[in-house]
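Each chain, written out:
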Amino acid sequence: MKRLLALLALVVGARPSSAWEAATTHAGLTEQAALASSLHERLRVQFAQDKGLFQVLTVPPADAVDLFVVLRRLNPTHGYVADNRGKLSALGWLVAGSVVADTPEELAANHFFDPTTGSGLSSDSLRGLLSRIRHRVVMVVNGAALERSGVAAPAWIEHPNNPFGLAGFRDQYMKAVTARTAGERSRHLAGALLAAGAIVHVLEDMGSPSHARNDLAAHLDRLGPNPADVGSRFERVAALAYGRLGVPAPAKVIRDRPLRAFFTAKDGSGLADITARSWFSEGTLPHPLDLGGNPRGALQRLPRTVERPAPVPPPDLDLDAAASERGGELSNRRGACLARYRVENRRLSWSIDDACALEQVSAILPTVSGYAAGMLDTLFRGTLALEADPSGGVLVRAGEVDLGPGTIRVFWDDARGVRKQLAAQKVSGAAKGQVASKVAMPPAEARRVSALFDGVDGTRRPLLATGTSVVPFPGAE
Amino acid sequence: MLPKRSAAVVLILAAACQRAQVRPAPFRARPDSVDPGSLLGPFDGRVLDGGNGDPVTGALVYGTWTFQSGYGLQAPSHVREAVTSTDASGRYRVPRLDDLPGSEHLTDFTLVIYKRGYVAYRSDRRFEDLGPRLDFAQRQNLIKLERWRPEYSHVRHLRYVGGGPAIAALTAWETDEAAAELSGLKEGPRVASDLVVSGGPGITASQIVTEQDIHAMTGFDGSFETGPLNDEPDTDQYSSQHFRALGQPETFDIAVRLWKVDSQASRDRYVELGESLPGVKQTGEIADQSFRATEKDPKSGQEILGVSFVDEKRGVVVLLTCGAAQCKTIDTLVAIGRKAYDRVRRAVPENAGATERPEGEPTPQPAPLPRAVPGEEGQPPPAAPKPITKPAPGQKPTGTLPRPKAKGGQP
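Top to bottom, those sequences are chains A and B. So the number in this note's numbering is just where the residue sits in the first sequence, counting from 1, plus 5. So the number in this note's numbering is just where the residue sits in the second sequence, counting from 1, plus 5.
Only chain A is shown next, with the shape it has when bound in the complex (with noise of 0.2 Å):
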C-alpha cells in the first residue's frame, strides 16, 4: 500500500479517465472476468476454435474502417490491438470492445445509473453551483462540452442507438455460426466478443460510486496541467494503482441471471445497487454540518447531510481526530476508508483523499470482475450437443441450459469449411441433455456439423445457443 501511495504521490496531478479508464482498469477487469468465466471452454466446444480465448480472430480492416480508426487510437502493448492484417486473440477482440465501448466519448454518458431512483445521467447530476460554473468556465475556455444527460446503463446495452449493445451481440452471434465461410465466421465471433466487451464495460462501470449515484460532478477534477484535462481522480488511482496488469481476479463470479439484474435487482445484489450504497462519491458525500457550541447533539443531524438511504456516518464520530491535521476516517465494517472528515471553525467537512480512494478502489474490483465474469457466463451460456442418432440421422441435445421454445438451425462443413444449412426446426423445448431435435444425416462428405438455437430458455430469457461437432461423430462406428 505504501509503494502505491508513493507511485500516486509522484504523480503530481493524476490522470483522468472517463469511468475506469477504458485502456487499463476496464481492460484489466474484462481479462480478469474472461479468465474466470467460461469463455474459453466455450469457445473451444461450442464455437471450435481450438485455441479458445487465445484463437487468432481475422478482422480485415477493409470491413470495418470505422473500427480500426479507432483501435490504432490504442496503446499495442496492452494486447487489444489487431494488427494491419487485423488478427487478434480471442480475448484481445473482447478486450478491445471494453475499451472502445467510450468512443466517442459522448457514449460514456450512457454508463450511468442511480437504482436509487432509475435514472441515468441527468442535468441535475452536476451538483454544486461550483461544479457549475468550473465546467461553464472550462467549457468555454476550451470549446469543449462535456455531456450531461444520458440513457440509463441497463437499458443502454439494449438501445437502438448503442453500436455495441445486446443486438449487435446477437447479431454477430448467430453469423459466427451461420455464415458461410470460416473467415467470414471468425470476423463475426470477433465482432461478438467486441460487442460482449462492450456490454460488459458498461456493468464494470456500475462498480464506481459516481457511476452508481450519477455524480458527474466527480468527473470535473482537475487531472493535469492543461485546465481542460479533467476527469474522475478516483478512477485515475484505480488506472495508476493497478493499470490493465494488477487489477484483481474475482472474488466471486456471480452466477447466471437476468442480464438487468447484474446491474440492479429487487434484493438488492446488483453491481449498482451494492455499489451505491455502499460508497460515498467525491459529489455525494454527506454535506458539511455546523457543529456549534454542542457538537455531540449537532452530530444526531447527520442523517439529514445525506441524499442517499445509505451509506449514513453515524453520530460517534471521533471528533479528537477530526480536529487534527489528518482528520478522522469513517470506515465499512470491513475496515476500508468511505471518507475523511474534519472538523474546521466547528464545521465538519467530509472528503474523499487518494489514499482513501485507494482503499475503496481495492475493496471494489474484485467485485467489480466477478459481476462482470458472471455476465460473460450469461452472454455465452447457451450450449448444444450434437451426436449421431443410432437410428440415423443427428441428435442435437439442449446443453447446460434447459430450451423453451425456438429455432434450430443445423449446418455442414465441407472439407474447405463452408458452411450449408442442413435443417431447420422449430422447437417447444427440452430440457437440460434432453434431445430438442433430429435431423437427417449430413451428406457425405461433411466433416463437422454445428446448430444454432434462437429463442428462449427455460425461463423465457432471450437465449442464443450453439455446438459443434466433427463428423463422423467421435466414438461413432
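Among these hints, one or two may not hold up.
[As the list claims (entries may be wrong)] In silico EDC-like links for lysine to aspartate or glutamate, alpha-carbon gap of 20 Å or less: (1) B:Lys149 with B:Asp37; (2) B:Lys286 with A:Asp394; (3) A:Lys56 with B:Glu182; (4) A:Lys437 with A:Glu189; (5) A:Lys56 with B:Asp181; (6) B:Lys286 with A:Glu392; (7) A:Lys437 with B:Asp226; (8) A:Lys257 with B:Glu230; (9) B:Lys286 with A:Asp407; (10) A:Lys92 with B:Glu182; (11) A:Lys257 with B:Asp37.
These are calculated hints, taken from the structure and not from any lab test.
Model the placement of chain B on the given structure of chain A, informed by the hints.
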C-alpha cells in the same frame, strides 16, 4: 462564499492560459535522481541477462506514447510508437517525441522489452507480482532480464507482454502453450508456489488437484476443509481427497478419487465406473478414455457432475465429482480433470501400469468402487477425527475437525 468561488474561477482562467499538454511522468529522470522524468523522452538504458550479467543483444525495444482527449469523460485518442532493438552492448535508445498533436493530452509512455528465452520487461508493471514498477528511469535505465523457466505460465506472460504487431509476431509460439494451459491440458502455475507435484509412484489424490486449481477454475473464493473421503481408506492403490467448502452447502464440495493399479485393472475399473455411474457419456477428452456423468441430488435438487479418465499405460484411473454450485458447468470439471491428468503424467512413469508379476501371483484388485453419491444406506460410519490441512474460520491452525461426514451431497 462567493469570493472563494470567484477566486476559483480566476485560477481556472489563469491555468487555461497555459498550453501544457504533457502529464507528469510516473518515473524518475535517472535511477540516481529524485527528479521526475518526462513522458516525451528521450529514453535510454541497457539490457543485461539477469543471470550472468551479459548484455542482451537484439532484444526488441518497443516504446509507445498514449494520448487522450475529451473533457470530463475522456477516451484514448492517439498513439505513437518507436520500435528498435538493443545493440551489441545491450544498449537501447528511444528518441524524444517532438511533434505533439494539437489538443490532446499525452498521458503515458510504456516501454516493452522482449527477447525469446527471457521473461519480458514492461516499464509500468513487474512480471512476478504484476505490481507497479517503481525502478524504471527515463535515462540510464538498467534492465536485468530473467531467463524463462518452463514452469512459468504462458497465460500470464502473454497478458504481461501485451501486443502490437512486432511483439505479437515474436510471441505467437506461446499461444498454443497458453491455450493448453487454460484448458488444463498443460501445467501452468500462475505463481511459483502453485507448483505442487512431488509425484512418484506414491502419488495421491491430494497432489493432482489443489485448492488453488479449484479457486482458479471455478472462481470460488471461500475456504475448504480437506481430507480423505469416507468411502475407503487410502491404500497403495487408492487415494481420495475431499474438498469440503466451509460454510457452504454440500453442493459446493469437490471430491477426487485416484486408483493406481496395472493396465488391465485400470481398464476394468474405468469400465466399472462407467457402468455404475448415472448419466454417463463417453467423451474421450482426457487421457486414453474419459467420460462425463451427471446425477441430480435428490436432497438439494441440484446436479452432481462427474468426470473420469483412465491412462492404461500408467495404470491410473481418476474420478472427479463436483456439486453444481461449485462447478457451474461440467466444462469446468473437465478443465480440472485435464489439470489433474497433467500432474499424473508428470508424476507417474508412462509404463507404471505394465507391472510384471511372478507367475501365479494374482492381479491386484482395485479397491471397491465407492458410491457416486455417498451417504445413503450402507454408508460406512465416519472415521475418527483427523487433523485438517486448513483451519476453519475462527479456528486455530492446529485445531482439528471431525473428518468430513459422508452426506447425500458429498460429491
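Against the structure, the hints:
{"no.": "1", "hint": "B:Lys149 with B:Asp37", "in the structure": "holds (17 Å)"}
{"no.": "2", "hint": "B:Lys286 with A:Asp394", "in the structure": "holds (14 Å)"}
{"no.": "3", "hint": "A:Lys56 with B:Glu182", "in the structure": "holds (9 Å)"}
{"no.": "4", "hint": "A:Lys437 with A:Glu189", "in the structure": "violated (30 Å)"}
{"no.": "5", "hint": "A:Lys56 with B:Asp181", "in the structure": "holds (7 Å)"}
{"no.": "6", "hint": "B:Lys286 with A:Glu392", "in the structure": "holds (11 Å)"}
{"no.": "7", "hint": "A:Lys437 with B:Asp226", "in the structure": "violated (27 Å)"}
{"no.": "8", "hint": "A:Lys257 with B:Glu230", "in the structure": "holds (19 Å)"}
{"no.": "9", "hint": "B:Lys286 with A:Asp407", "in the structure": "holds (18 Å)"}
{"no.": "10", "hint": "A:Lys92 with B:Glu182", "in the structure": "holds (19 Å)"}
{"no.": "11", "hint": "A:Lys257 with B:Asp37", "in the structure": "violated (43 Å)"}
In this structure, the hints that do not hold are numbers 4, 7, 11, in rising order.
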